[in-house]
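Visitor: These are the residues of each chain, in order.
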Amino acid sequence: MKETYYEFSCSVKLIVGARALENIPFELSAIGAKKPLLVTDKGVAAAGLVDTLREILSTGGLEIAAVYDEVPPDSSLTAVRAIAGIYRESGCDSLIALGGGSPIDTAKAANILASYQTDDPAKYSGVGNLPRPLNPLLVIPTTAGTGSEVTYVSIVKDEERGVKVPFASPFLMPHAAVLDPRMTLGLPAQITAATAMDAMTHACESFICLAKNPMSDAYAAAAVRAVSENLLKVLDRPGDEQGRLALAQGAAMAGIAFSNSMVGLVHALGHSVGATCHVHHGTCMSILLPAVLEYNLEARRDAIGELLLPLAGADIYAATPAAERADKAIARLRWLKDEIHARCGLPRTLSETGKVEQSQLEQIAEMSLDDGSIIFNPVEVSREEALAVLRKSW
Amino acid sequence: MSSFRQRLKRIYVTVMMRVVGWGLRAMSRVDPVVRAEAAGFPDGMVIAMTTLPDGPSMVLQKIPGGGLRYLGGTLPADTGLSIRFKHLDYAFRVFGFIESTPTAFARARMVVDGDLPAGIRLVRCMYRLESVLMPRFIAARGVKRYPADLGLGDKLGLNARIYGRIALDLVTRS
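Sequences listed follow chains A and B, in order.
Per my numbering, the very first residue in the first sequence carries number 179; after that it's consecutive.
Per my numbering, the very first residue in the second sequence carries number 2; after that it's consecutive.
Derived from the structure by calculation, the hints contain no laboratory data.
Among these hints, one or two may not hold up.
[What the hints assert, rightly or not] If you want a taste of the chain A side facing chain B, the calculated C-beta under 7 Å gives, among others:
(1) Tyr-183
(2) Glu-185
(3) Gly-304
(4) Val-305
(5) Leu-308
(6) Pro-392
(7) Met-393
(8) Asp-548
(9) Gly-550
(10) Glu-558
[To be verified] Computed list of chain B residues with no C-beta within reach of chain A, every gap over 10 Å:
(11) Val-21
(12) Tyr-128
(13) Leu-169
Even glycine gets a Cβ: it sits at the ideal position worked out from N, Cα and C.
Construct the complete structure from the given sequences, taking the supplied hints into account.
Guide: Here is the structure:
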């Protein structure tokens with residue numbers, strides 16, 4: 179019998195639901211923080227979320243000491259250094275990240291510089307290189323997808339060297355994540371769909387990849403259910419607060435799952451498509467997921483079959499013979515993609531993105547072989563096989 | 002004081018680290034698969050594999066022109082890529098083909114520090130080394146998929162060239 183061994187951790191306090199934002203002043207004061215620096219991006223600020231948050235916090239007796247709203251879409255070390263500078267100049271004692279994956283990852287990395295009072299992020303990059311705890315960081319996601327609010331990783335672009343710099347340490351875990359449906363209500367339909375499919379992919383990959391374990395499986399299955407039951411409803415009724423909240427919870431659960439059991443070939447290919455053709459990460463995930471599950475089918479037929487239950491519900495699962503469940507789960511994901519496309523036009527194929535040339539597929543396949551995620555894929559992937567998956571998704 | 006059993010494990014891991022070091026050095030010259038993979042490491046990059054807390058270790062360096070040079074078992078101060086087993090027993094299980102390399106990664110038996118894409122490349126070199134040097138029934142336990150195109154004839158031919166190259170390298174220490 180195969181030995182069991184796994185590691186699992188998530189120390190982030192989740193504050194979830196109606197009027198969750200109102201709890202922030204109490205939460206920060208409980209850990210001795212009084213002067214937070216807010217990190218966000220222009221889009222979030224333009225949507226009025228900074229003003230909403232400022233008013234709620236002010237009523238609760240907490241003033242935001244400073245705001246940095248210039249985080250670029252791919253994050254950046256320049257932004258990280260600028261935030262740390264403002265933090266010092268303004269005498270801040272904590273950080274609040276408001277936004278999607280980029281502001282969250284940027285705030286995590288800025289917290290390293292702010293806490294250790296340095297301007298050199300390089301010596302802290304890599305795995306396990308943070309020597310002591312960081313200052314308080316509270317995260318408010320405005321998309322429901324990346325799961326960065328519950329992970330111990332931050333990836334920031336170094337524009338000068340043209341590379342992405344990873345930081346990974348348990349100390350990078352935010353002190354708390356606040357999931358408030360008001361923060362995702364205004365998210366456009368296509369971004370809602372793309373980020374939710376990112377969460378779906380985190381969950382599905384963590385459920386089938388090599389580091390899967392009973393704890394991450396539980397979170398992953400719950401995340402798949404949350405997304406499959408709520409995404410189409412939210413696309414039909416964008417003001418559905420309960421549906422929005424369910425998606426935010428799904429994204430957080432998927433984040434907990436994949437940060438403990440990793441992701442595989444969908445992410446390896448998706449990172450390369452994103453880097454080469456600048457296609458939105460969630461869109462890449464949505465496009466590639468069914469084809470990669472099909473590629474992994476024979477190695478993971480049982481696990482993919484189990485996904486049919488959270489994907490399609492008990493009735494369909496029970497009515498489907500065990501041997502056909504994996505194929506049906508993949509068919510269900512393809513159906514979901516079509517339904518999403520009909521509602522908001524999210525591309526179903528690489529060609530539909532209008533950004534990927536067929537001639538680029540070989541380069542993307544080659545690049546994906548060196549992606550860190552690929553080692554956790556259950557099947558060893560050759561260049562030709564990666565290319566075949568890309569062509570299938572074309 | 003470590004038990005006799007632990008000392009034997011340490012000796013085994015030390016020997017296997019040397020086999021891997023000399024083996025990858027030789028294969029980067031005579032095996033087209035490892036040669037192509039090695040060409041992808043940045044020139045001059047120092048690649049270390051070690052066992053916490055104090056070894057055994059194996060250190061390689063990419064030399065201009067494509068090959069790998071085996072630098073021995075002493076860790077330098079600075080490395081471009083470092084794979085550290087968290088415990089001697091974890092290294093023993095991987096080198097003893099009790100636990101496959103991908104399973105060891107999935108179970109977080111080791112920490113990868115530095116250039117992650119180079120780490121993935123090194124793992125592929127390790128798969129190739131295991132597949133070529135070990136009998137199929139042993140190698141199949143260490144890798145995700147035994148290469149379908151590696152027939153017995155090819156394997157014996159490659160082995161002859163690799164061991165010949167190792168012998169030459171050991172004699173000349175070049």
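Visitor: Each hint: holds or not?
Guide: Cross-check of the supplied hints:
no.: 1; hint: Tyr-183; verdict: holds, 5 Å
no.: 2; hint: Glu-185; verdict: holds, 5 Å
no.: 3; hint: Gly-304; verdict: holds, 5 Å
no.: 4; hint: Val-305; verdict: holds, 6 Å
no.: 5; hint: Leu-308; verdict: violated, 13 Å
no.: 6; hint: Pro-392; verdict: violated, 14 Å
no.: 7; hint: Met-393; verdict: violated, 14 Å
no.: 8; hint: Asp-548; verdict: holds, 4 Å
no.: 9; hint: Gly-550; verdict: holds, 5 Å
no.: 10; hint: Glu-558; verdict: holds, 4 Å
no.: 11; hint: Val-21; verdict: holds, 18 Å
no.: 12; hint: Tyr-128; verdict: violated, 8 Å
no.: 13; hint: Leu-169; verdict: holds, 31 Å
Of the numbered hints listed earlier, those contradicted by the structure are 5, 6, 7 and 12.
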